[in-house]
Amino acid sequence: MQVEFRGITKCFGTLRANDDISFTVPPSTIQGLLGENGAGKSTLMKILSGYYSSDAGEILLDGKKAHISSPGDAINLGIGMLHQDPLDFPPLKVIDDFILGKKGGILPSRSSAIREFEELADRFDFSIDPEAYVDSLTVGERQQLEILRLLWLGARVLILDEPTTGISLPQKEKLFATLKKLAGQGMTILFVSHKLEEVELLCDRAIVLRQGKLVGAMDPPFDTKVLVEMMFGKEIELESKAKLSIGQKVLHTKNICLEGARINIKRVELEVRAGEVIGLAGMEGSGQTLFLSACAGLAQPVDGSLCLGGEEKDMTGRSYLEFLKHGVAYLPAARLEQGLISGLTLMEHFVLAEKMEGFFIDRRKAEELTKDRIALYNIKGGPDSPIESLSGGNQQRALLALLRDPLKLILVEHPTRGLDYESTIYIWSKLKERCARGTAIIFISSDLEEILTYSDRVLVFFAGKVTPPLDAEKLNVERLGRLIGGKDWENLEKEAAYAVHA
Amino acid sequence: MPSMRETKASGILFQIASVLFALLVTSLVLILANVEPFAAYKAIILGAVGSWDLVSNVLVSWVPLLLATSGLLVTFTVGLWNIGIEGQITLGAIFTTWAMRLMQHSGWNPTLILVIAIFAGMFGGMLWAVLAGALKTFGGVNEIFGGLGLNFVATALNIWLIFGPWKRPGVASMSGTLPFDRSLWMPIAAGSSRLTPATIVMAIVGIFVVYVLLENTYFGLKLKAVGKNPRSAYLLGIPTWQHMMASFAICGVFAGLAGAVQVTAVYHRLIPSISSGYGYLGLMVAMLVGYKASLAAPVALFFAALNVGSIQLPIILKLDSSLAGVLQGTLVLCVLLGQGMRAKFLKKKRARL
Chain A
1 MQVEFRGITK CFGTLRANDD ISFTVPPSTI QGLLGENGAG KSTLMKILSG YYSSDAGEIL
61 LDGKKAHISS PGDAINLGIG MLHQDPLDFP PLKVIDDFIL GKKGGILPSR SSAIREFEEL
121 ADRFDFSIDP EAYVDSLTVG ERQQLEILRL LWLGARVLIL DEPTTGISLP QKEKLFATLK
181 KLAGQGMTIL FVSHKLEEVE LLCDRAIVLR QGKLVGAMDP PFDTKVLVEM MFGKEIELES
241 KAKLSIGQKV LHTKNICLEG ARINIKRVEL EVRAGEVIGL AGMEGSGQTL FLSACAGLAQ
301 PVDGSLCLGG EEKDMTGRSY LEFLKHGVAY LPAARLEQGL ISGLTLMEHF VLAEKMEGFF
361 IDRRKAEELT KDRIALYNIK GGPDSPIESL SGGNQQRALL ALLRDPLKLI LVEHPTRGLD
421 YESTIYIWSK LKERCARGTA IIFISSDLEE ILTYSDRVLV FFAGKVTPPL DAEKLNVERL
481 GRLIGGKDWE NLEKEAAYAV HA
Chain B
503 MPSMRETKAS GILFQIASVL FALLVTSLVL ILANVEPFAA YKAIILGAVG SWDLVSNVLV
563 SWVPLLLATS GLLVTFTVGL WNIGIEGQIT LGAIFTTWAM RLMQHSGWNP TLILVIAIFA
623 GMFGGMLWAV LAGALKTFGG VNEIFGGLGL NFVATALNIW LIFGPWKRPG VASMSGTLPF
683 DRSLWMPIAA GSSRLTPATI VMAIVGIFVV YVLLENTYFG LKLKAVGKNP RSAYLLGIPT
743 WQHMMASFAI CGVFAGLAGA VQVTAVYHRL IPSISSGYGY LGLMVAMLVG YKASLAAPVA
803 LFFAALNVGS IQLPIILKLD SSLAGVLQGT LVLCVLLGQG MRAKFLKKKR ARL
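Quick note, the sequences are listed as chains A and B, same order.
FYI, in my numbering the residues of the first sequence are 1 to 502.
FYI, in my numbering the residues of the second sequence are 503 to 855.
Read the hints as simulated data drawn from the structure, not as lab findings.
Note that the Cβ used here is the ideal one computed from N, Cα and C, for glycine as well.
Certain hints may be false.
As the list claims (entries may be wrong) - Taking lysine to aspartate or glutamate pairs in the EDC-like style, the calculated list, with each CA pair at most 16 Å apart, reads:
| id | chain 1 | residue 1 | chain 2 | residue 2 |
| --- | --- | --- | --- | --- |
| 1 | B | 849 | A | 314 |
| 2 | B | 730 | A | 96 |
| 3 | A | 249 | A | 314 |
Said to hold, decoys possible - With beta-carbon atoms standing in for the labels, derived distance ranges:
| id | chain 1 | residue 1 | chain 2 | residue 2 | range |
| --- | --- | --- | --- | --- | --- |
| 4 | A | 326 | B | 606 | 48 to 58 Å |
| 5 | A | 319 | B | 692 | 52 to 62 Å |
| 6 | A | 107 | B | 654 | 55 to 65 Å |
| 7 | A | 418 | B | 789 | 33 to 43 Å |
| 8 | A | 70 | B | 551 | 37 to 47 Å |
| 9 | A | 391 | B | 515 | 41 to 51 Å |
| 10 | B | 518 | A | 384 | 38 to 48 Å |
| 11 | A | 363 | B | 521 | 30 to 40 Å |
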């Protein structure tokens with residue numbers, strides 16, 4: 001089936017997630033979609049598969065205008081989407097999961113469904129027991145189940161959103177072989193990824209999205225340098241970095257190994273010193289959040305240990321509350337979901353965050369404190385403003401204002417995501433102020449320029465692998481982009497930048 | 503975005519509409535049952551306030567209901583559905599009875615015995631609540647299911663005691679254990695047959711304490727924070743499960759007190775249905791007042807009046823007294839429905855702007 005996008009536009013508030021995107025995918029093609037996080041890849045695919053409706057533009061299937069207003073419509077038209085997290089039912093048996101969504105009578109015939117399931121599975125050399133429970137399968141097998149299910153439902157267009165995260169290498173090879181086979185049989189495949197190598201290996205053609213716009217297309221042979229440039233933009237002149245004297249040891253992760261829901265990290269060795277800024281780069285879900293959580297006791301290492309302070313106090317297995325007592329604070333990216341409490345006022349937040357004396361709330365003191373902080377952090381809002389009524393930038397300022405003082409280590413997920421230029425500059429000036437007073441900062445960002453501008457050293461994460469700490473001075477956008485895409489990982493050990501004693 | 507005043511106005515509007523709608527639904531039920539609705543409402547009102555005796559009956563029913571509601575406000579604030587409150591009331595009653603049985607022939611001062619027995623009841627309720635909390639925190643059992651299970655256990659325990667170890671001399675009876683000696687009854691107000699001023703003071707002090715706790719203390723604010731967003735609260739440095747446990751314990755104390763009141767001031771013995779459904783009714787009151795302590799006392803009084811007033815229905819209109827339950831249930835449903843509709847309405851309005 002031929003899929004044509006014509007002028008697709010989708011806005012979320014003021015953000016243009018998709019901006020006038022037009023391109024055509026011929027049948028029997030594996031089309032790669034590249035772009036960094038938030039470039040608009042997933043939004044576009046969700047429009048095609050009926051999860052979102054576009055604000056403008058249309059989709060043509062085999063030249064005919066298609067009306068897709070729900071995932072059900074999409075599958076009836078032959079469009080199936082394989083989500084990043086398989087949309088299946090872990091408590092069900094494989095065969096029941098398989099039958100679900102199929103139109104038919106009240107009593108589905110399990111025996112014929114099992115027969116068809118096994119025939120289909122044989123065709124692609126998958127071996128899944130139809131009587132097993134879905135939650136006993138690996139992520140790769142669940143993906144295979146989803147592919148079989150979508151094929152059975154008659155999909156002629158298959159969308160895969162970052163399908164290789166969390167599956168093993170042999171499973172990946174099998175997936176790619178399957179996709180090539182399907183394309184050979186006339187299937188149109190849209191392959192969303194940020195992994196350059198996979199796109200180069202698998203796709204017949206690729207387009208690149210950046211900030212909601214289609215910025216380029218390429219046919220094989222692919223030129224990695226050009227792709228990286230399209231994905232991340234041209235290199236720009238960096239602000240000069242004020243060098244701070246690096247002080248006392250603050251955190252030492254001794255070969256820690258972590259196991260997350262979708263990703264495992266092996267042996268990260270890192271020493272962080274007072275006043276230092278460490279940037280964690282990588283595509284979302286490559287393990288940065290897991291590592292950052294572990295530094296605050298929000299995730300527990302399965303091996304290795306984690307020490308705080310110059311005296312190397314062993315904190316392995318301790319809870320976040322104990323880390324907090326030792327001067328470690330964590331700022332999550334989802335401000336309103338994980339950092340602030342919707343329904344409480346600014347003042348109530350300050351009362352909660354501050355250590356107050358007594359049993360009863362001293363309203364006068366609390367109000368004074370709140371007014372001070374509002375002025376100090378330039379927050380647009382009053383003591384009685386509900387926190388959810390503040391804008392994103394002001395919420396982030398509030399989060400910063402809530403941090404205790406002094407702190408030894410601040411861990412931040414995406415400090416300036418979704419903020420305007422002014423707020424970004426402001427947030428970093430406040431963070432840098434803390435650094436100057438001896439606080440170390442570790443932050444995650446998908447903005448490469450932010451990483452290069454503000455970090456002293458950088459760790460790059462790729463599918464659970466972590467580079468040794470690299471000197472930010474010796475990196476540039478292009479090189480960082482290649483590392484994030486999984487390229488040039490050989491011989492990094494030589495370049496490892498370990499902190500020197502002050 | 504709609505202004506603050508506009509939001510508030512629409513809130514009141516929806517609230518009034520909900521109450522009217524509830525009355526309409528109940529009236530329809532009455533018409534279906536071939537009863538003139540206004541006659542039924544009149545009978546309920548007269549049944550509740552028709553005489554001083556009836557009013558005092560309303561107050562007798564108000565005390566345990568308000569106590570249960572007060573406790574539930576604390577668990578609701580921290581985001582918990584303490585369905586197990588019925589069992590906690592029962593355990594309070596059992597512990598009170600137990601303490602009374604141990605002390606009734608000791609010859610101690612009756613006031614001292616009553617005070618100890620009431621504290622025992624509070625302890626019993628707390629124990630049962632903490633058990634539900636522990637099941638949730640350490641066993642991963644949702645408090646609704648854990649509470650429901652513990653309710654059944656409490657009822658069974660109660661029945662076993664009444665028909666087993668604590669049965670009346672001679673023959674066990676559904677009418678409960680042998681009543682305590684009159685000297686061990688909570689003092690009754692002059693000119694009334696049942697009203698005990700001390701318990702009314704307890705209920706008023708109780709709701710006041712809860713109000714102050716939730717509105718003016720660090721502890722209350724922390725409970726609110728955990729209830730609204732446990733993850734953020736934890737990152738702000740608030741130990742979450744400890745606060746949940748504490749709120750279970752506080753609610754248990756209130757439930758236990760309600761049970762103790764039922765034994766020492768109302769029935770003067772342990773009966774099979776000692777909790778009288780005040781726990782479930784308290785859940786409804788708490789939902790109806792939107793978990794705000796300031797409104798709990800009047801609304802609980804209204805519910806108690808409905809309960810007492812409807813007792814007259816079978817006599818006057820040959821109608822079952824469960825009409826009060828229909829009215830209460832419809833009211834809560836309609837108000838919740840109204841809130842839901844309003845949220846949708848505001849969201850749509852916001853989306854249009």
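Verification of the hints:
no., hint, in the structure
1, 849(B) - 314(A), "violated, 49 Å"
2, 730(B) - 96(A), "violated, 37 Å"
3, 249(A) - 314(A), "holds, 13 Å"
4, 326(A) - 606(B): 48 to 58 Å, "holds, 56 Å"
5, 319(A) - 692(B): 52 to 62 Å, "holds, 58 Å"
6, 107(A) - 654(B): 55 to 65 Å, "violated, 36 Å"
7, 418(A) - 789(B): 33 to 43 Å, "holds, 36 Å"
8, 70(A) - 551(B): 37 to 47 Å, "violated, 56 Å"
9, 391(A) - 515(B): 41 to 51 Å, "violated, 29 Å"
10, 518(B) - 384(A): 38 to 48 Å, "violated, 27 Å"
11, 363(A) - 521(B): 30 to 40 Å, "holds, 34 Å"
Violated hints, listed in ascending order, are 1, 2, 6, 8, 9, 10; each of the other numbered hints is respected by the structure.
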